[in-house]
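From first to last, the protein sequence lines are chains A and B.
The first sequence stops at residue 144 when you use our numbering, and every number in between is there.
The second sequence stops at residue 115 when you use our numbering, and every number in between is there.
For the record, the hints were derived by calculation from the structure and aren't laboratory data.
Worth double-checking, as some hints may not be accurate.
[Said to hold, decoys possible] BS3-like mimics (lysine-lysine), calculated; alpha carbons at most 27 Å apart, straight line:
(1) B/5 x A/68
(2) A/73 x B/73
(3) A/73 x B/5
(4) A/102 x B/20
(5) B/55 x B/73
(6) B/20 x B/55
(7) A/88 x A/53
(8) B/59 x B/72
(9) B/57 x B/72
(10) B/59 x A/68
(11) A/89 x A/99
(12) A/99 x A/53
(13) A/68 x A/88
(14) B/15 x B/59
(15) B/15 x A/73
(16) A/88 x A/102
(17) A/89 x A/102
(18) B/20 x B/59
[Claimed, not checked] Where chain A lies over chain B, by a calculated footprint (3+ residues, C-beta under 8 Å):
(19) 50 to 62
(20) 65 to 73
Every residue, glycine too, gets a C-beta built ideally from N, C-alpha and C.
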Amino acid sequence: GENVEQHPSTLSVQEGDSAVIKCTYSDSASNYFPWYKQELGKRPQLIIDIRSNVGEKKDQRIAVTLNKTAKHFSLHITETQPEDSAVYFCAASTNFGNEKLTFGTGTRLTIIP
Amino acid sequence: DVKVTQSSRYLVKRTGEKVFLECVQDMDHENMFWYRQDPGLGLRLIYFSYDVKMKEKGDIPEGYSVSREKKERFSLILESASTNQTSMYLCASSQTRLYNEQFFGPGTRLTVL
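Using the sequences provided together with the hints, build the complete structure.
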């Protein structure tokens with residue numbers, strides 16, 4: 032089955048700096064890669080996703096990149112703000128997201144004021 | 003607005019007890035999922051269901067069973083609770099379509115003594 036590895040497990044950045052979280056996947060058939068954000072004490076919520084036919088997608092201060100050849104994808108957050116502090120999970124799916132997701136182990140991002 | 007609710011936020015049970023965790027969604031979603039969240043291990047899929055009375059094993063089904071008698075309700079059952087099942091349990095639901103978002107419930111923190 033699919034295996035998703037996520038790094039780093041914890042990340043601290045100064046407010047205003049950029050943060051990058053990286054994930055690798057094992058199944059070359061994976062074709063959908065969402066990112067979920069979980070704030071302290073709250074439920075995970077989708078923040079951005081990317082499909083296998085796209086190399087990069089951007090939404091305001093967050094962007095995702097996908098390298099299918101290397102089987103890795105990354106989340107980039109620019110101009111970080113205190114509200115970006117959360118646990119971020121990457122995930123992968125082999126059926127365009129129309130069934131189960133395999134999640135990474137999560138990255139706890141802390142923004143230092 | 004999608005709403006996924008879980009029967010309890012906190013639950014304390016004894017070893018050997020039978021435990022029921024209930025999840026209800028109000029958006030007529032076909033897919034429902036049960037995850038377990040542990041620090042450093044991310045979100046691990048226990049069971050999922052594509053339709054009423056249908057169930058599929060996830061990555062860690064041992065020690066668990068599920069029931070889906072109605073479309074809106076998905077129950078997770080611990081037949082004989084053990085201390086290693088102490089964890090946060092998250093339910094999620096999604097539509098049957100491509101690139102669809104999973105909507106999570108608030109979670110149930112289960113402690114088995």
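Structure-based check of all given hints:
no. : hint         : result
1   : B/5 x A/68   : holds, 17 Å
2   : A/73 x B/73  : holds, 25 Å
3   : A/73 x B/5   : holds, 14 Å
4   : A/102 x B/20 : violated, 42 Å
5   : B/55 x B/73  : holds, 9 Å
6   : B/20 x B/55  : holds, 21 Å
7   : A/88 x A/53  : holds, 15 Å
8   : B/59 x B/72  : holds, 19 Å
9   : B/57 x B/72  : holds, 13 Å
10  : B/59 x A/68  : holds, 25 Å
11  : A/89 x A/99  : holds, 18 Å
12  : A/99 x A/53  : holds, 13 Å
13  : A/68 x A/88  : holds, 17 Å
14  : B/15 x B/59  : holds, 24 Å
15  : B/15 x A/73  : holds, 23 Å
16  : A/88 x A/102 : holds, 17 Å
17  : A/89 x A/102 : holds, 19 Å
18  : B/20 x B/59  : holds, 20 Å
19  : 50 to 62     : holds (count 5)
20  : 65 to 73     : violated (count 0)
Of the numbered hints listed earlier, those contradicted by the structure are 4 and 20.
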